[in-house]
Amino acid sequence: MDLITPGFGLVFWTAITFLCLLFILRKFAWKPILGAVEDREEGIKSALASAENARKEMQNLKADNERILNEARAEREVMLKDARDIKAKMIADAKGEAQAQAAKMIEQAQTAIESEKKAAMAELRNQVASLSVDIAEKVVREELSNKDKQLKLVESMLSEATLN
Amino acid sequence: MTITGIAAIGAGLAAIGAGVGIGKIGGSAMEAMARQPEMHGKIQSSALILAAFVEAVALFGVVVAFLQG
Amino acid sequence: MTLSTFKNLLFSILFVSASVAGYASEDKETTDDKEFNAKEMILHHVKDAHEFHIIDVNEKPISIPLPIILWTDNGLTTFMSSAFHHDDSGHHVVEKNGMKFVKLHEKIYQLNGDANEVVFDEEHHPTNASMPIDLSITRNVFMMWVSVAVLLLIFLTTAKRYRKSDDKLPTGIAGFVEPLVVFVRDEIARPMIGEHKYKKYMPYLLTIFFFIWINNIFGLIPIINGANVSGNIAFTCTLAVFTFIITTFSGNKNYWKHIFWMPGVPVPMKIFLMPIEIIGMFVKPISLMIRLFANITAGHVIILALMSLIFVFKSVAIAPVSVAFSLFITVIEIIVTAIQAYIFTILSALYFGMATEEEHH
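Those protein sequences? They're chains D, G and Z, same order as listed.
Take 216 as the starting number for the first sequence in the working numbering and just add one per residue.
Take 9 as the starting number for the second sequence in the working numbering and just add one per residue.
Take 34 as the starting number for the third sequence in the working numbering and just add one per residue.
Hints are not guaranteed to be accurate.
What the hints assert, rightly or not - Simulated restraints on C-beta separations:
hint, chain 1, residue 1, chain 2, residue 2, range
1, D, Glu267, Z, Val300, 54 to 62 Å
2, Z, Val90, D, Lys242, 41 to 49 Å
3, Z, Ser122, G, Ser36, 48 to 56 Å
4, D, Leu284, Z, His393, 54 to 62 Å
5, Z, His393, D, Asn275, 36 to 44 Å
6, Z, Pro94, G, Gln52, 44 to 52 Å
7, G, Gly27, Z, His118, 58 to 66 Å
8, Z, Met307, D, Gly258, 44 to 52 Å
9, Z, Val90, G, Gly27, 39 to 47 Å
No lab work stands behind these hints: they were computed from the structure.
Built from N, CA and C at the ideal position, the CB exists for glycine as well.
So that you can see chain D by itself, here it is in the shape it has in the complex:
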């Protein structure tokens, strides 16, 4: 029975002690400790948030870079294509011109050759004529240098003539 009757003295002192303890600890211990813990938690939370923000920004930046790069690539593609076209056109042009030139030159050469040939033929004819005259002259001269031969010739000719 004694054991479970609260003694007034201990109740009194417990109440006073507990209230003092509560007051002191609340003011000088719980406030700074809980404050520090909460501050740290806030700090961690804000650090995480800012890291998240930085990550997002980084992502945006990366996307931007990607876009610019793509644009540049497309532009380069276009430029390369243009250059290729120009090159092809230039080559084609040059080829045409060269062909025309060559054809013209060949034509000129042909006409030159033709005229040269004509001239050469005329010359040749002349030469052959004079040469044949010369030869005929010489032959005639030779044939007619002695009487026998002249006779013989006449004879042979006459024989031929009779045969015919």
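Mind docking chains G and Z on chain D? Use the hints.
Leaving out everything else, chains G and Z in the frame of chain D:
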């Protein structure tokens, strides 16, 4: 039998009841923890609270025994 | 690091309790000439006392005298408990300020009028003496103050560490304290009271948790085993009353409605439930009070009963068994110290949470 002896028997009976109760709580808590290990902390604390409630009944028996003793 | 510190602490407590328990038992044997009464010894250890009895040497008790403060009809009277010369049977009369006092079973009686000694009736109750209001610094009060000093030392040092360091990192003792504080906040206050209101109750919950815990632990230290502060019903009663007061004063409209006019049930049921709820209001703190008191006291009683087996059987042969068993119980009690502090705190938080719960139907 003296009144103290009867009180002691009463306290013993209260202890049996509380033992059964706490045993059931503990068993169910273990089962629940095995089924859902991720709820481990929550189950443990509520099992402790429930055990405290059951135990209080047995302790009333103990106090009655103290009263007689 | 925290864990290892805690482990070291645990082991040192174990070590001390084991060795001192053995020492205490040896010591008793030499002085135990008269019939050993286990019940008397246990009750003597569990109950409060007016002096801090440490040890008996050659049947002469050695104890620290503590001040006795009495509120009598003639005002405040104080003297040291050594004035009774260790007498607890009501025979040694102390005269102070013209009043005569005797100590009987750790209670101070004031003799009526001009009586010179106590007269007992057949049930051994004094008939010619009254009890003044006893505000003595008993050994429980003394030990409570020691525990308060230790608490202040621990937590003010911790707070100083936080104040001094710029980065507010938990170093040293703060590394031990902070997880416990965060535990009380995150495992007790937040889930039980709710995210929005828990802050108001944090100082109370933290204080009560550590106050009960340290007193439970102090009760287990063998050399001061008698100082069974948290196993004294006056102590638990006071704390339970604080919880009751806070619960009652922070009760909102919803809480009172649930007590006096339970919503959602038919009218006869409302009338039937009202007295039950009103009783429940008081049963809650009473069960808090009984739970802590009975748990701690029962632990002490078991340890002491196992110890007294040695003297009951008057044999040293039983000592290893009894020391081993009481060591085992002591280890369990170390766990119980924390669990009971936790349960007292979490139930207080639960009651605060019930009192401040908003309507949500």
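| task | Give me the numbers of the hints this structure contradicts, sorted from smallest to largest. | result | Hint 7 contradicted; others consistent.
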